[in-house]
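J.: Protein chains in written order, with the working numbering: chain S, 1 to 221; chain Z, 1 to 407.
The calculated DSSO-like cross-link candidates involving lysine-lysine, where the alpha carbons are at most 27 Å apart (straight line), are:
| # | chain 1 | residue 1 | chain 2 | residue 2 |
| --- | --- | --- | --- | --- |
| 1 | S | K164 | S | K104 |
| 2 | Z | K204 | Z | K118 |
| 3 | S | K161 | S | K217 |
| 4 | S | K10 | Z | K363 |
| 5 | S | K10 | Z | K233 |
| 6 | Z | K277 | S | K10 |
| 7 | Z | K278 | S | K10 |
| 8 | S | K122 | S | K164 |
| 9 | Z | K278 | Z | K233 |
| 10 | S | K104 | Z | K316 |
| 11 | Z | K316 | S | K161 |
| 12 | S | K86 | S | K184 |
| 13 | Z | K316 | S | K86 |
| 14 | Z | K203 | Z | K231 |
| 15 | Z | K316 | S | K159 |
| 16 | Z | K74 | Z | K41 |
| 17 | Z | K103 | Z | K66 |
| 18 | S | K164 | S | K52 |
| 19 | Z | K233 | Z | K41 |
| 20 | Z | K231 | S | K10 |
| 21 | Z | K203 | Z | K121 |
| 22 | Z | K270 | Z | K231 |
| 23 | S | K156 | Z | K316 |
| 24 | Z | K203 | Z | K229 |
| 25 | Z | K229 | Z | K121 |
| 26 | Z | K118 | Z | K103 |
Just so you know, the hints here were simulated from the structure itself, not pulled from any lab data.
Remember, predicted model here, so these are calculated numbers, not experimental data.
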Amino acid sequence: MARFTDLFWKALIFTLVVFLLGVFLGFALERNRIGEIEDEFQKIDLQWNDAKLQTLYYQNLQPRFCDSAIKENLEFSDRIYEEGLKIEDYDRASFLTTDLEHEKRKYALLKVEFWLNSIVLKEKCGADYVNLVYFFANDPEFEIEAEQDTQAEILKDLKEKHGKKLMLIPLPIDLDISMINIMKETYDITITPTLLINEKTKLEGLQSFDTVSDFIKNGKM
Amino acid sequence: MEFITGVYLFFIFVSLYSVFLVLLIYLRNRHNLYFEKQAVKFYDISVVIPAYNKEDSLLQTVNAVKNLDYPQDKIEIIVVDDGSKDRTAEIAMNIEGIRFFKKGYNSGKSDTVNFGIKNAKGEIIAIIDADSYPEKDSFKKMIGYFDNPETGAVTASCFVRSTGKLIEKLQAIEYFLIAFGRKILDFVDSVYVTPGSLSMYRKKLLNEVGGFDTNNITEDIEIAWNILKNKYKNRMCLSAKVYTDVPDNLRKWWRQRLRWNIGGFQTVHKYRDSFFKKSLNMFGLFVVPRFFISHILSITGFFVFVYVFGREILQKTMYWIFSAQNGNTVLEVPKLLLTPSVFTFFVMILFAFTIVFTYVGLKTMNKANLGFKAGFTILFYLLFYLILYPLVLLHSLYLLTTGNFKW
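Modelling step: build the complete structure from the supplied sequences, incorporating the hints.
T.: Next comes the structure, spelled out in structure tokens:
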């Protein structure tokens, strides 16, 4: 054994070097993505404050300029939705760090704020879009996960079909955010997926494309 | 970090360690791979050929032995019939220049070999399966290793004789790499199997250790471990070649691998006391733990694989069912995760090493002799053939635990 001891130690050293290098690269990669999301959040936050202020301004002082606020809100909706998809993608590739959870919370809060703003715009400016809040869980049971995946795809198709007429707001219910917990209690959200249309109609469980589409088209709410 | 991530990382660490160890051993000894120990003397060799239902190949095996470039007066050929149901005994009886024993009952290979050894006169025992054919110069190349009193057994490179079918081609590649890998292990005194296709043993040592274990179904692994435990060395002579017939369909192949695996388990169980025993040197500190850990990892790896991919497939199926029921587009291009992660780096490294090992192994073993479109077969070997290993292992484990196996 003594004749080969050096081989075994050298192999261990090489392994440690490559292994630690790999783990370090993994950390760096994940940290870099979190940094990217943080940067994006700052930009989006700025845009959001702008949109929010516009709503406030038009709502209180210049109601005739409501269209501009609605447009801004819709654009923001698209942006935050895309950013959500990016976070989801990065989340699937994150194994070592947990900081992404924090970013997810920040975005979830932003989405709640955006939802509330959309409600205000609908009331004060008479916007004709439909607010569709999609409640989902990040870490659901097996079957629920498949249902959520299906629901998410259906909603994506609906968004493509109805475009600006649909304000799609996906909200995770299991991030332990007080505001979302209040929403859950208010609308009695106990299972996922659940859809809340225009803050009035609650659809629990997986809903078909046609069912939701009918609600959006005919305003059955 | 999730538990499953920890499991992945552990697997990667162990795999990397194995890779570096092999690489370092290879780099240190790459110029000695084909080293041949010149014989000081020609020992008396008793060639024991156990035969069970080998009417098609026995004569060719005996002829290959008769044609060996080794003083014929130093070779004694012993054929032992293990109660064959075909014409094996009849054929053997008519072969001139051999000693033929007909046991008259079937008792398995170990017992048959032991029977032959008891009747052998040679100082060295060469075991050759009745469907294996040693090359002319193989004995001359192997025998010199016995000049070292520490050598207990010497084995040769075993190659596939017929490579007509895909399954035979795949095994041809596998056998090339097995021989190469065994030579690598030889440099650290860790040859853990002396295959029945052609291996030589010091008779005195076989008597000392009580011959082949009749309760073990892979007697060639068990005897190699027994030799190592008794502080002798098993040697691998890469340049000595023997050709053998291999299973030519998947059913036979599967059955053969079940036997190998179950025999492996039996051997690990028998020598469990040697696990990490410092006094047993490489055997206790490397051979037994390596075998044990690789089995554990293969089985665990299989379950992780089934869990991860099974879950994904099941979920995808449910997604398709739900989609179809709810008017969603069912046939969509599967979403691929193209975002690199920590595992992308490791998987790339390990895959690159696998390619390098295969390339170097085949190059060392003279790939040109493969005689078929190697590129496709190698790819098939790497992508599909190797995946069958854990499946057979799992089946073996099931048979072993239920006691439902018989050979």
